[in-house]
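Trainee: Mapping of the sequence shown onto UniProt numbering: residues 1 to 86, in sequence order.
One should not assume that every hint holds.
Unchecked claim - DEER-style ranges, computed between Cβ atoms:
(1) V33 <-> Y66: 12 to 22 Å
(2) P12 <-> A73: 15 to 25 Å
(3) K36 <-> R6: 29 to 39 Å
(4) M39 <-> R6: 16 to 26 Å
(5) F16 <-> M39: 28 to 38 Å
(6) M1 <-> R25: 26 to 36 Å
(7) F77 <-> D20: 11 to 21 Å
(8) P53 <-> I79: 16 to 26 Å
(9) S76 <-> G18: 17 to 27 Å
These are computed hints drawn from the structure, not numbers from a lab.
Don't be surprised by glycine CBs; every beta carbon is placed ideally from N, CA and C.
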Amino acid sequence: MELTLRVKPRAPKDAFIGPDGDHYRVAIKAPPVEGKGNMALRKFIADAFGVAPSKVSVIGGEQSRYKRLRIQAPRSFPIPVKPRSQ
């Protein structure tokens, strides 16, 4: 499964904020320094979707607020997920 996110770093807490157009907004406590933000995002998403952090990968936007993540075999869906139109 793939997610498109807009990440807000240095937030008071890690949380899903809500949908915003074709992506979902997420707040992360970690700063966007030396990969700490991406690591914190992967852990937050992994916990939310019930998978190990190794099952979450950043496939786009490594150094951007707009990111694409791939989640392998999610066990739960904490946010509404729309099927991709073909």
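Trainee: Please go over all the hints and tell whether each is borne out by the structure.
Mentor: Taking the hints in turn, this is what the structure says about them:
{"no.": "1", "hint": "V33 <-> Y66: 12 to 22 Å", "verdict": "holds, 18 Å"}
{"no.": "2", "hint": "P12 <-> A73: 15 to 25 Å", "verdict": "violated, 31 Å"}
{"no.": "3", "hint": "K36 <-> R6: 29 to 39 Å", "verdict": "violated, 18 Å"}
{"no.": "4", "hint": "M39 <-> R6: 16 to 26 Å", "verdict": "holds, 18 Å"}
{"no.": "5", "hint": "F16 <-> M39: 28 to 38 Å", "verdict": "violated, 18 Å"}
{"no.": "6", "hint": "M1 <-> R25: 26 to 36 Å", "verdict": "violated, 18 Å"}
{"no.": "7", "hint": "F77 <-> D20: 11 to 21 Å", "verdict": "holds, 18 Å"}
{"no.": "8", "hint": "P53 <-> I79: 16 to 26 Å", "verdict": "holds, 18 Å"}
{"no.": "9", "hint": "S76 <-> G18: 17 to 27 Å", "verdict": "holds, 18 Å"}
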